[in-house]
Amino acid sequence: GNSVTQMEGPVTLSEEAFLTINCTYTATGYPSLFWYVQYPGEGLQLLLKATKADDKGSNKGFEATYRKETTSFHLEKDSVQVSDSAVYFCALRGETSGSRLTFGEGTQLTVNP
Amino acid sequence: NAGVTQTPKFRVLKTGQSMTLLCAQDMNHEYMYWYRQDPGMGLRLIHYSVGEGTTAKGEVPDGYNVSRLKKQNFLLGLESAAPSQTSVYFCASSYSAGATYEQYFGPGTRLTVT
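Protein sequence lines, in the order shown, are assigned to chains A and B. Quick note: this note's numbering has the first sequence finishing at residue 279, numbered continuously throughout. Quick note: this note's numbering has the second sequence finishing at residue 408, numbered continuously throughout.
This is chain A alone, in the form it adopts within the complex (with noise of 0.2 Å):
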């Protein structure tokens, strides 16, 4: 079945640090790759999104390149800011899983000024 694997967190960093998250998947074929971030108290919202191999999706200075070789969709972003503290999902949508997504275990950034 259809997986994905977050780093471990959570992941403590200053304000302007540069910020990596890494996520790789396991499924069949050629899934949807999507980063979700959860702002304290709230809900999930989309951060940004992939539909094909070698495809970067970006948002808010926030960056993933969909990798088929290395399964991987890691999100990066050159200086984190206070404001960008929050739970961080991986997840992805399979060829065959319908709009059904699957997510990773979640990464939590706390950003320190």
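No wet-lab data here; the hints were simulated from the structure. It cannot be assumed that every hint is accurate.
Below, simulated DSSO-like cross-link-like pairs (lysine-lysine); rule was C-alpha separation at most 30 Å, straight line [stated by the list, open to error]:
1. A/Lys234 with A/Lys218
2. A/Lys226 with B/Lys303
3. B/Lys351 with A/Lys218
4. A/Lys243 with A/Lys218
5. A/Lys243 with A/Lys222
6. A/Lys234 with A/Lys222
Assemble chain B onto chain A, guided by the hints.
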């Protein structure tokens, strides 16, 4: 446009009690979903619906029932609550077409079963 709303926000139940969580969306989405979120386990799909009057089991359906009598509402029921059902429950909805089926989430319901 409220998006996806959930009622209630918090609830404490005793073991064996029943309750219903309500999810409502005003985006005319065909698809709706119920997830539970537990520490270190991400979100797991409980049940979902691809249209009014239809429901299907997700990854962890045991102990839950659902109904979709109206397109805009999706109800999650616990007939006999157990401590293992202590969790945060999220409802989501999405369009039925499009390459990504982007899901829109509600703010969550925190349920504690004692």
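- Item | Satisfaction of hint between A/Lys218 and A/Lys234, Cα-Cα up to 30 Å | OK: A/Lys234 and A/Lys218 at ~9 Å, within 30 Å.
- Compare the distance between the alpha carbons of A/Lys243 and A/Lys222 with 30 Å, and conclude whether the hinted pair is satisfied. Given pair A/Lys243, A/Lys222 holds - Cα atoms ~13 Å apart, limit 30 Å.
- Message: For a C-alpha distance cap of 30 Å, please report whether B/Lys351 and A/Lys218 respect it.
- Response: 28 Å, holds
- Message: Check the hint pairing A/Lys226 with B/Lys303 against an upper bound of 30 Å on the C-alpha distance.
- Response: Satisfied, since the Cα-Cα distance of roughly 29 Å is no more than 30 Å.
- Item | Given hint A/Lys218 paired with A/Lys243 - CA-CA distance at most 30 Å | 21 Å, holds
- Message: Check whether the Cα positions of A/Lys234 and A/Lys222 lie no farther apart than 30 Å.
- Response: OK: A/Lys234 and A/Lys222 at ~12 Å, within 30 Å.
Checked against the numbered hints above, the structure breaks none of them.
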